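Using the hints, position chains B and C against chain A.
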Amino acid sequence: MIELENVSKRFDDKTVLDSVTARIGREEIFAVIGPSGAGKSTLLRLVDLLDSPSGGTIRIDGTDIHAERKRSLSIRRMMGMVFQKPAAFNTTVTENIAVGLRFRGAGESVIQKKVEDALDMVGLAGYGERRARTLSGGEMQRVALARAMVIEPEILLMDEPTVNLDPVSVEKIEELVLRINRDLGTTIVISTHDMYQGQRLAHRIGVLMNGGFAQVGSPREVFTLPANRDVARFVGTENVVEGVVVADENGSSVVDVDGVRVRAKSSFSQGEEVCLCIRSEDIRIAPAAGARGLRGGNILPGTVASISPRGPFSRVTVDCGFALSSVLSWKVVDDLEIREGSPVSASFTVESVHVVRATRN
Amino acid sequence: MQRRTLFAVAAVMVALMLICGCTGTTSDPTPVATEKQQLRIATTTSLYDTKLLERLTPIFEEQYDAEVLIVSAGTGKAIEYGQNGDVDVLMVHDRAREDAFLADGYGINRRVFAYNYFVVVGPESDPAGIRGMHPEAAFTTIRETGMTDGSDVVFVSRGDASGTHSKEKAIWKAAGFNYSADVQGSGDWYQEAGTGMGATLTMANEKQAYTLSDIGTYLAYKGDLDLVTLVDEGDILLNVYCAMQINPEKYPDINSTVAKDWVNFMISEDVQKEIASFGVDQYGQPLFYAARNDWEKIGVPQAEVKDPIP
Amino acid sequence: MYEIIEGFVEAARLIFTLDPDVMAIAARSIVISLTATILATLLAIPLGAVINFGTFPGRKSLINLIQTLYSLPTVIVGLLIFLLISRVGPFGSLRLLFTPTAMVIAQTVLILPIMTGLTISALSGIDPVVRDTLYSLGATRLQFLVNIMKEARFAILATVAVGFGRAISEVGAAILVGGNIAASSFGSSTRVLTTAISLETSMGNIPESIALGIILLAIALGVNLAITTVQHR
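Protein chains in written order, with the numbering used here: chain A, 1 to 361; chain B, 362 to 671; chain C, 672 to 904.
In isolation and in its complexed conformation, chain A is listed as follows (with noise of 0.2 Å):
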């Protein structure tokens, strides 16, 4: 439905976007995520039309909607946008979300049944008479979704919908996301910076990261085989090491960090740097006495470095040669008496280790 290929975007001297490339299906969930900055602002504006790339081409069905002067105004209004800050025009609810409408030379009775619909789907029926700007940021985003879905547009693009936004209110525009999909089957480019909405939205996720998509793929890749190191830090990998393939066979290698051997699956040869990509959920920690019932193919002994609290749990950092942090519970620390210099064992499978080339900036 959409393709990007190789689209950059400059601002005076600054390049913003530099070969992006992706192809969105229709009827799919696609999330841009990438850190601030990044550029995914920009990209959905481009898709949009409210900007003009520096060069590549944006296609919509396969045709090259920059290219074509004449029809941008039919193409834009294929599409319906909607902000990271919510626009209230000076006027009443009714009218904000009749706005696209009216462009469209649409009848009054019409318009006042969809805009009535428009409400009652995001939850504000009622709301009609109110005027926009005494409304609440959840509310007006809201308001915003309904006047965007009230043209009924083939796509629908979200930039960082839901940021400032109370965690009730987030959770209702996420809800009307994935509704708005499954009933009208809407094609939807959603960027975020949090990589959690991603995961729960999108069918598809893009990583955009210096200039470009670093991966795309299902969540699931994402979060489990990121593309190489930075992916694995912004999808919040916590342990990112280097290391040497020492040996390989068979689809599993021996990788040395820092002269501490770890096991890994992966199809790299001896010689190549690697990132070896562990998620903390992934590391179990046993008292150094009790090593004995670790299973898996990397046990490691070390000392713990540091405990730190996270939400409820606890952040455990071990030295094993190398700095390796694992989640526990407040209860199994207190379980296993795990104090700062304690000494212990570290331990995940062959198969948690997700080996990535090393990349240097």
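No wet-lab data here; the hints were simulated from the structure.
Remember, it's a predicted structure, so these values are computed and weren't measured experimentally.
Accuracy of the hints is not assured; some may be wrong.
[Claimed, not checked] Derived lysine-lysine pairs resembling DSS-like cross-links, with alpha carbons at most 30 Å apart:
id, chain 1, residue 1, chain 2, residue 2
1, C, LYS731, A, LYS85
2, A, LYS114, C, LYS731
3, A, LYS331, C, LYS821
[Stated by the list, open to error] Here are the simulated distance ranges between beta carbons:
id, chain 1, residue 1, chain 2, residue 2, range
4, C, LEU689, B, ALA498, 40 to 46 Å
5, C, LEU689, B, PRO613, 28 to 34 Å
6, C, ILE675, B, ARG416, 42 to 48 Å
7, C, PHE727, A, GLU175, 44 to 50 Å
8, A, LYS70, C, PHE727, 21 to 27 Å
9, A, ASN90, C, LEU888, 29 to 35 Å
10, A, ASP117, C, PHE727, 39 to 45 Å
11, C, PHE679, B, ALA498, 43 to 49 Å
12, B, TYR478, C, ILE709, 50 to 56 Å
13, C, PHE679, B, GLY584, 19 to 25 Å
14, C, ASP798, A, GLU152, 24 to 30 Å
15, B, LEU586, C, ILE709, 31 to 37 Å
Just so it is clear, CB atoms sit at the ideal spot from N, CA and C, and this is done for glycine as well.
Just chains B and C now, kept in the frame of chain A:
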């Protein structure tokens, strides 16, 4: 709701003003025809400030079915308007400049319709002591006392290149002074108002100063003033008013027919009577004398006071 | 002191008895300045929109120039228009000098820069997200402009009020090109509140001046009051 009321009130007020304004000024039974001829007159302020023209214009407007638009300015300014062709008729009182204006071909058909005298007015206390003097001597005295240290003698001049200003300069010259060198800028005693006769009198009154005024304007304003007449005799004080057409050869689309009508109207017998009697009931003496029979006295050809423009 | 009190009493009488002369002058002031304001609005809003949303070389300098012209002295405008429409001027054949039309032209020229400048400010003060939202909702160029105006309506309304206030309160240009004529018909006269106040005061007619002054003040305050009321709704 509140806003609607506010707008309604505002709308009603504006409408009311419009109605009052329109009906107030067009109360004559014949409604204003849109095609009515318009006559533009540039006049010296004395004819305007005395309200003489206010008396005469309705008569003319009715007789000739025309609308008279009057711009009141000093003679100098009025002559400038005439030179630019911005008006149809000029009414001024500065013989020398009129002659130049006619000679340059800007004006034609001058007719003299009234005269009176200039007077030197000043505070009752007369600090310079000029009461009863001849104009030249009075001016000399005012200048001398005014230039003495610590004196409170002030002379307010029109300073606007008007006919009165011309006359004042003529008196300074006759008294043996070079106007620009000896009078203008010779001290705080001499102040130029740069405005009309009425305004100058008001100013002189505020400052308790001397000034030269035509008798007509002075009498018209006398009620509001504490100034008294101190010098009123001397040939040089003669003040002659004329009306003339702007030359249609210079400005072909000028309204020359109505202009001619106006000049002839001013020297007509009825209007001459009107001029001679104007202000008598209010001020006890006329503000202007009719020129019709006094052409010898004011030193102009008889044709200029009696013969209508053909 | 007594004269001032007497002046105010007489002024009150002139106002409350709706003195025809005073009312005519007030009405003429409103008509002339309102016409000028409407004309200037019709010019300033499109002009402001073009300058604000346009991209052309010299745009910044143009905005600077417009802002400089805010302080255009009224007599200079009067002089300029006088020179243009006087018989010997380039538009002399139109015979506009000493007509209400001339005053409308002068006032329009006088308030055009400030109204254009304030329109630019009003439009540039609109949140960029509003602009993006309008485009993303599928606005054509015209629909976009109309809706931006709607969003900026209070600021634009204030612009109009500023223009009207400046037009009705200026005296320099009005007296130069109007000539302060009191003719027998409403439409030929060029005597407005400011020029009449100037004349009446110089002739010592203080009560008339006070009455006219009170009306001028009431109009100026009334307009601003109305605008503030609307804005604070």
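Okay, the hints, checked on the actual structure:
no.: 1; hint: C/LYS731 x A/LYS85; result: 29 Å, holds
no.: 2; hint: A/LYS114 x C/LYS731; result: 44 Å, violated
no.: 3; hint: A/LYS331 x C/LYS821; result: 61 Å, violated
no.: 4; hint: C/LEU689 x B/ALA498: 40 to 46 Å; result: 54 Å, violated
no.: 5; hint: C/LEU689 x B/PRO613: 28 to 34 Å; result: 44 Å, violated
no.: 6; hint: C/ILE675 x B/ARG416: 42 to 48 Å; result: 31 Å, violated
no.: 7; hint: C/PHE727 x A/GLU175: 44 to 50 Å; result: 47 Å, holds
no.: 8; hint: A/LYS70 x C/PHE727: 21 to 27 Å; result: 23 Å, holds
no.: 9; hint: A/ASN90 x C/LEU888: 29 to 35 Å; result: 32 Å, holds
no.: 10; hint: A/ASP117 x C/PHE727: 39 to 45 Å; result: 44 Å, holds
no.: 11; hint: C/PHE679 x B/ALA498: 43 to 49 Å; result: 45 Å, holds
no.: 12; hint: B/TYR478 x C/ILE709: 50 to 56 Å; result: 52 Å, holds
no.: 13; hint: C/PHE679 x B/GLY584: 19 to 25 Å; result: 20 Å, holds
no.: 14; hint: C/ASP798 x A/GLU152: 24 to 30 Å; result: 26 Å, holds
no.: 15; hint: B/LEU586 x C/ILE709: 31 to 37 Å; result: 44 Å, violated
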